[in-house]
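S.K.: All chains should be built: construct the whole structure from the sequences, respecting the hints.
Start counting the sequence shown at 21; every next residue gets the next number (this note's numbering).
Because the hints were derived from the structure by calculation, they are not lab data. Nothing here was measured: the structure is a model prediction, and the numbers come from that model. Don't take every hint at face value.
[Said to hold, decoys possible] Straight-line Cα separation of at most 20 angstroms, DMTMM-like style, residue types lysine to aspartate or glutamate; simulated pairs:
hint	residue 1	residue 2
1	Lys217	Glu248
2	Lys217	Glu263
3	Lys217	Asp231
4	Lys217	Asp195
5	Lys212	Asp199
6	Lys217	Glu234
7	Lys239	Asp229
8	Lys217	Asp229
9	Lys212	Glu261
10	Lys212	Glu234
11	Lys217	Glu92
12	Lys212	Glu259
13	Lys212	Glu263
14	Lys239	Asp199
15	Lys212	Glu251
16	Lys212	Glu246
17	Lys212	Asp244
18	Lys212	Glu248
19	Lys239	Asp195
20	Lys239	Glu251
21	Lys217	Asp199
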Amino acid sequence: MTTPLPERAGRRCHNVLNPLHSTHYFSPDLGRELAAVGVEDPGAAYLAVRAAALGPVGAGVVTATFYNFRHELVARHVPAVWESASPSVVLAARARAVDATLRRLLGEEVLAAEELAEAAELALRAAEACVRTARPLYAAHAELPVPDEPHLALWHAATLLREHRGDGHLAVLLDAGLDPVEALVSHTATGKGMAPKWALRTRGWTRHDWDAAEERLRKRGVLDSEGELTEAGVALRQEIENETDRLDLAPYEHLGAADVERLTELGGALLATLLAAGAFPEGMLGKG
Numbered sequence: 021m022t023t024p025l026p027e028r029a030g031r032r033c034h035n036v037l038n039p040l041h042s043t044h045y046f047s048p049d050l051g052r053e054l055a056a057v058g059v060e061d062p063g064a065a066y067l068a069v070r071a072a073a074l075g076p077v078g079a080g081v082v083t084a085t086f087y088n089f090r091h092e093l094v095a096r097h098v099p100a101v102w103e104s105a106s107p108s109v110v111l112a113a114r115a116r117a118v119d120a121t122l123r124r125l126l127g128e129e130v131l132a133a134e135e136l137a138e139a140a141e142l143a144l145r146a147a148e149a150c151v152r153t154a155r156p157l158y159a160a161h162a163e164l165p166v167p168d169e170p171h172l173a174l175w176h177a178a179t180l181l182r183e184h185r186g187d188g189h190l191a192v193l194l195d196a197g198l199d200p201v202e203a204l205v206s207h208t209a210t211g212k213g214m215a216p217k218w219a220l221r222t223r224g225w226t227r228h229d230w231d232a233a234e235e236r237l238r239k240r241g242v243l244d245s246e247g248e249l250t251e252a253g254v255a256l257r258q259e260i261e262n263e264t265d266r267l268d269l270a271p272y273e274h275l276g277a278a279d280v281e282r283l284t285e286l287g288g289a290l291l292a293t294l295l296a297a298g299a300f301p302e303g304m305l306g307k308g
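M.R.: So, in structure tokens, the structure goes:
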């Protein structure tokens with residue numbers, strides 16, 4: 021008899037694996053590798069490495085799949101970035117950056133440990149149950165080969181699980197009636213999102229856009245006069261996370277309760293090492 025998953029077990033597992041994927045976005049190794057192939061602007065680099073699996077797509081596809089980036093910011097770099105470096109060149113540069121970043125942050129002893137290989141095996145097994153339907157970023161990454169080295173295989177699996185959950189999350193945001201800026205503002209108000217300065221700088225929105233989104237959310241009863249979530253706002257964001265969990269349940273049900281718990285334990289230990297090594301910049305996260 022299969023043991024049911026504890027409530028939010030999949031979300032807890034995602035929360036410790038997702039940062040493993042994200043480390044390269046904040047790494048000097050990524051900037052160095054992308055600059056070496058002709059992509060020097062940090063904004064262009066992020067858009068290129070995350071969209072490269074989709075092929076040489078235009079700005080519309082990137083805006084649609086990334087959701088909370090201002091289209092004008094995307095169009096500033098895409099599709100022009102593919103003239104500097106093709107998607108295949110970008111993917112190869114990303115792989116080199118991920119390898120260098122994880123070796124530096126985790127250290128060779130951790131990379132050679134049996135626990136890391138175990139985590140890679142478990143995460144890849146979870147990803148077997150991900151589905152391509154209506155999940156473009158996941159589907160694109162699922163076409164990429166699984167790397168041989170355990171730390172890169174784990175990163176690949178974490179990427180698949182991240183994009184699978186993320187694609188589903190966008191459907192939930194649409195159903196909740198939150199536009200890109202409102203989604204950012206309301207998530208930041210939970211204390212778990214990006215700090216406003218970071219969100220504005222990286223997503224291309226202006227302070228006016230942010231203030232206007234706050235006003236719309238106040239009229240809707242999601243935010244109070246101080247910019248904090250109301251009771252209805254807390255309930256809305258909780259329902260968004262719960263529905264995202266529901267759409268993302270298959271990988272973790274496939275893995276099973278005991279192995280999800282084990283993968284969460286292994287991922288948590290790796291996350292602690294990454295945090296101790298200073299993997300993420302100050303200000304990336306909000307209050308929580």
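S.K.: Confirm or reject each hint.
M.R.: Do the hints match the structure? See the list:
Simply put, Lys217 and Glu248 have alpha-carbon atoms about 17 angstroms apart, close enough for the 20 angstroms limit, and the pair holds. Note on Lys217 and Glu263: the hinted pairing is violated, with a Cα-Cα distance of about 28 angstroms set against a maximum of 20 angstroms. Our distance criterion of 20 angstroms between C-alpha atoms is met by Lys217 and Asp231, whose separation comes to about 13 angstroms. Simply put, Lys217 and Asp195 have alpha-carbon atoms about 27 angstroms apart, too far for the 20 angstroms limit, and the pair is violated.
Simply put, Lys212 and Asp199 have alpha-carbon atoms about 18 angstroms apart, close enough for the 20 angstroms limit, and the pair holds. Among the hinted pairs, Lys217 with Glu234 is consistent with the structure: their alpha-carbon atoms are about 15 angstroms apart, no more than 20 angstroms. Between Lys239 and Asp229 the alpha-carbon distance is near 16 angstroms, which keeps this suggested pair within the 20 angstroms criterion. For a cut-off of 20 angstroms, the pair hint linking Lys217 to Asp229 stands: about 13 angstroms separates their Cα positions.
The hinted pair formed by Lys212 and Glu261 meets the criterion: a straight-line CA distance of about 12 angstroms does not exceed 20 angstroms. Restraint check: the Cα-Cα separation between Lys212 and Glu234 comes to about 17 angstroms, which is no more than 20 angstroms; the hinted pair holds. Restraint check for Lys217 and Glu92: satisfied, since their Cα atoms lie roughly 18 angstroms apart, inside the 20 angstroms limit. Our distance criterion of 20 angstroms between C-alpha atoms is met by Lys212 and Glu259, whose separation comes to about 15 angstroms.
The hinted pair formed by Lys212 and Glu263 meets the criterion: a straight-line CA distance of about 17 angstroms does not exceed 20 angstroms. Simply put, Lys239 and Asp199 have alpha-carbon atoms about 15 angstroms apart, close enough for the 20 angstroms limit, and the pair holds. Simply put, Lys212 and Glu251 have alpha-carbon atoms about 17 angstroms apart, close enough for the 20 angstroms limit, and the pair holds. As the CA atoms of Lys212 and Glu246 are separated by approximately 17 angstroms, the hinted pair is consistent with the 20 angstroms bound.
Our distance criterion of 20 angstroms between C-alpha atoms is met by Lys212 and Asp244, whose separation comes to about 18 angstroms. Of the pairs offered as hints, the one joining Lys212 and Glu248 holds, with about 13 angstroms between alpha carbons and a cut-off of 20 angstroms not exceeded. Between Lys239 and Asp195 the alpha-carbon distance is near 19 angstroms, which keeps this suggested pair within the 20 angstroms criterion. With a CA separation close to 14 angstroms, the supplied pair Lys239 and Glu251 stays within the 20 angstroms bound.
Restraint check for Lys217 and Asp199: satisfied, since their Cα atoms lie roughly 19 angstroms apart, inside the 20 angstroms limit.
The structure is inconsistent with the numbered hints 2, 4, although it conforms to all the rest.
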